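There are 2 protein chains.
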Amino acid sequence: MLHFAQEDVDDAELERLRGLYGSFTDAVRDLVDATIRTEVDEDTLRAVQGEIEAATARLRTKQLDGPYGVRVTPTGKSMAWGNAAVGLRNAAAPPMVINHDGKGSSWAQVDLGAAYEGPPGLVHGGVAALLLDHILGETGSFGRRTNLTGTIEIKFLRATPLGRLRVEARIDRDEQYKTFVVGSISDAEGVTVEARGVFIVPKWARGKGNLWGSEQ
Amino acid sequence: MLHFAQEDVDDAELERLRGLYGSFTDAVRDLVDATIRTEVDEDTLRAVQGEIEAATARLRTKQLDGPYGVRVTPTGKSMAWGNAAVGLRNAAAPPMVINHDGKGSSWAQVDLGAAYEGPPGLVHGGVAALLLDHILGETGSFGRRTNLTGTIEIKFLRATPLGRLRVEARIDRDEQYKTFVVGSISDAEGVTVEARGVFIVPKWARGKGNLWGSEQ
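Protein chains in written order, with the UniProt record's numbering: chain A, 1 to 216; chain B, 1 to 216.
To be clear, the hints were calculated from the coordinates, so they are not data collected in a lab.
Since the model is a prediction, treat every value here as computed from it, not as a measurement.
Straight-line C-alpha distance at most 20 Å; calculated EDC-like pairs for lysine to aspartate or glutamate:
no., chain 1, residue 1, chain 2, residue 2
1, B, K62, A, E51
2, B, K62, A, D30
3, A, K155, B, D172
4, B, K155, A, E153
5, A, K62, B, D43
Working from the sequences, and respecting the hints, build out all of it.
Structure representation (structure tokens):
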């Protein structure tokens with residue numbers, strides 16, 4: 001059984017923390033982009049590296065022993081802030097902010113820059129898979145139950161350009177502890193990638209609702 | 001047709017650049033980890049944020065207009081340094097360093113920390129998909145031809161813990177311009193995730209060998 005930690009913050013404090021860490025993480029995300037694209041000379045690069053190492057050392061003076069985990073507030077709000085696809089504190093995540101309609105469908109707008117490249121100028125196929133795996137899983141579990149991915153199949157119809165994209169998913173059907181979810185990624189011209197997945201409620205999570213909480 | 005740029009550096013200069021940018025990117029990767037795990041107070045966080053923004057501004061005084069792209073040296077070595085799975089200059093990538101046996105098989109050891117979390121303490125299913133998509137594609141193309149992912153199917157046998165993992169792939173068979181590749185992720189106890197994919201040589205790349213170059 002996985003551990004979903006309780007985080008004792010009210011909604012106002014949660015909003016304050018979101019602003020604080022969201023802004024900080026955006027700054028680090030911007031640095032990740034600049035790290036790929038910079039063409040400054042070696043001396044400048046070495047000087048900046050020293051500054052970054054000093055900044056990291058300051059952050060590490062007080063830190064968690066391990067990964068962030070998944071925390072849930074008393075009002076049931078999710079703080080999956082380390083999550084690789086949607087984590088508010090994860091500068092490696094785009095991050096994807098998912099909108100749910102409460103009837104089994106969801107969508108997100110994402111802007112993918114230099115850090116998500118595979119073929120020249122295009123989204124890495126594996127990044128498409130990461131975003132689809134996440135939105136399909138979250139769509140299957142949202143407000144309902146705790147799913148883990150069983151299988152996922154991804155079909156690439158054509159190349160996906162870097163830039164603004166729409167990611168979406170909807171529940172196809174349930175079969176007892178399995179949920180079948182379908183989804184896609186689209187650019188301005190239409191669908192580029194399709195996915196279908198089977199998500200499974202593990203034994204320890206059955207009958208307990210959605211342990212992830214109700215929101216990112 | 002995609003643009004694979006020529007980068008006019010010899011092997012010695014390539015090694016020097018690898019050291020320079022590899023070290024810089026490792027520092028940024030360490031900051032991404034600390035950004036998730038830090039528990040310093042708000043004043044410290046705000047001060048560090050200012051330093052990071054200043055560092056980014058210095059890097060951006062001279063930079064590429066867009067993503068890094070894929071460059072190849074005169075001796076055929078690949079510089080896919082912005083790549084989301086293996087990019088030497090991409091702090092969002094683990095990065096995965098792939099070893100090829102030259103006979104259609106490959107493997108990589110990866111150490112996944114806090115930035116790759118999905119369920120508490122576990123690797124995000126979509127990160128597993130990203131790594132598998134990449135190694136399967138590269139295994140299908142290495143020394144042979146230029147593939148893009150057609151379809152990929154991923155089966156999660158059990159949860160994958162964060163930490164040290166082995167990722168591997170091998171070519172199953174070719175059918176004209178399609179290559180069928182299989183692979184897996186393992187922890188110390190054995191296989192946790194299996195994948196099979198079909199990779200397709202696009203029309204513009206047929207008969208031209210592997211435009212990606214021979215090494216990362």
